[in-house]
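A.B. asks: Which chain is which? The protein sequence lines are A and B, in order.
Residue numbers 1 to 331, in the numbering used here, belong to the letters of the first sequence in order.
Residue numbers 1001 to 1115, in the numbering used here, belong to the letters of the second sequence in order.
Worth flagging that the hints you see were computed from the coordinates, not collected in a lab.
Some hints here could point you the wrong way.
[To be verified] Label-pair ranges, simulated between beta-carbon atoms: (1) A:Gln288 to B:Leu1013: 53 to 59 Å; (2) A:Glu330 to B:Pro1082: 32 to 38 Å; (3) A:Pro188 to B:Ala1031: 19 to 25 Å; (4) B:Gly1047 to A:Thr135: 54 to 60 Å; (5) A:Ala83 to B:Gln1027: 50 to 56 Å; (6) A:Glu86 to B:Arg1035: 30 to 36 Å.
[What the hints assert, rightly or not] Just some of the chain A residues that point at chain B, by a computed CB distance under 7 Å: (7) Glu177; (8) Arg178; (9) Arg237.
Everything numeric in this text was worked out from a predicted model, so none of it was measured.
For every residue, glycine included, the Cβ atom is placed at its ideal position computed from N, Cα and C.
Given next are the chains, with one letter for each unit.
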Amino acid sequence: MNDTSARDAAFRVRFLLATGAWAVIVAAALVAVPLAFKERLPDPLATHWGPSGGPDGSMPFAALVIVALVWALVAGAGLAVAARGELAVRRHARRWSTAALAWSGVFLLGLQSLTVAANLDRPRWEDAASPGWETIIVIAAAFAAGALGWLAGRPGPDRRPVSAEPAAEALVLDPGERSVWVSTVSSPVAAGLALAFLAAAVSLAACALIGLAAELWIGVGVFALVGLLGLCLSSVRVKVGPEGLAVSYGPLRWPSRSVPLAGIDRAWTERRHPSDVGGWGYRGRPGQSTIMIRGGECLVVRYASGGELGISVDDAARGAALLNALVAVEN
Amino acid sequence: MLLKLDLNDPRPLHEQVADAIRRAIVQGDVAPGDRLPPARDLADALGVNANTVLRSLRDLRDEGLLEFRRGRGVSVLRRPDPREALRSMARDLLDEAVRYGYRPHDVIELIKELS
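Produce the complete structure using the sequences and hints provided.
C.D. replies: Encoded structure:
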């Protein structure tokens, strides 16, 4: 065990050094490139182009350097998380972070090069050239870098989260009995916020209908989408029974997702908090996600396919015990 | 909340559901003050009609175990008192014994024989 932790610690240091070096190189390039061409660039610079291809927005020269600052903040926050948490030693999380770092670094560098190239040797920002096919190259290069980052994150340890709570109690199932476990968790605050968003969407729609501005429909769409998603995540019901696991969202219990017992590996409980998983709501991505309604005890289910789902529900220990017992009978 | 239904129990379904919920309260799955999952979720999980569950919940409320509050759902009021439950069963037993011509003394003898 100590051997493993020592290896993990050494790997974490190497990981931090490598990603830190990448962060520093990108930051240095983001500062050095504009400074090197400072004499040949107008101030302010064209930084935004309209649909016709002509520049329609500008920023002072210093803004280019601020991009480097933004990068330093983003990368620094990522590294801080990796230094403290388990990110470096969990393969899935590590791959996503290396991919994100590579993608965002190359994307920012590409954007900056495009801006510098378009403004180079122009007396005023209004005369800036319009970037064309170069934009596509930058986007493609960023995604290629992201893919490389994804591959680069593969080597290294993969520490799986272990049950933070004592082993779940064993349940004895009587074949003549139907055993089910059901638990609901809801957040009145989330429901209130979601309803406020929906109300805003309706008000905007009313304004748009009486002909204030057609652009309001964009706001209607965004508010309605946010409101509906929020409403779905304001209340979650989890059911464990002979049919398997079913997770249903929202006051209407729709959408709902069921997983048959054959698709479940095992279940346990873990203490998770919004600060661990990145906030409230649906956190993570399919296969490695947490439905965080409130901090504290969570039911964590590992699928036979390897993915994991955590749900912050009450009485999770009994749910995990029943799920394990049912899976044991099924097998 | 863990609920168990006996598939071969001939009693009416609402009594079985009430028993399952009562058992969950006795075993401490839900403590006094805790809210029960909504009736339709319980019904869906148990595979019974929502009205059946509502009837069980009302019976348990009449027993004084549950409390219905508008807008807050159903919550547990207190744990059932086993002594009280046995007392009502003992009263039924004595009533039944009288019908067969047994006196309380005879019933006590019978219980001693059995235990």
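A.B. asks: Hint by hint, say whether it matches the structure.
C.D. replies: Hint check:
no.: 1; hint: A:Gln288 to B:Leu1013: 53 to 59 Å; verdict: 41 Å, violated
no.: 2; hint: A:Glu330 to B:Pro1082: 32 to 38 Å; verdict: 36 Å, holds
no.: 3; hint: A:Pro188 to B:Ala1031: 19 to 25 Å; verdict: 21 Å, holds
no.: 4; hint: B:Gly1047 to A:Thr135: 54 to 60 Å; verdict: 57 Å, holds
no.: 5; hint: A:Ala83 to B:Gln1027: 50 to 56 Å; verdict: 45 Å, violated
no.: 6; hint: A:Glu86 to B:Arg1035: 30 to 36 Å; verdict: 34 Å, holds
no.: 7; hint: Glu177; verdict: 5 Å, holds
no.: 8; hint: Arg178; verdict: 5 Å, holds
no.: 9; hint: Arg237; verdict: 5 Å, holds
Against the hints set out earlier in the document, violations occur for numbers 1, 5.
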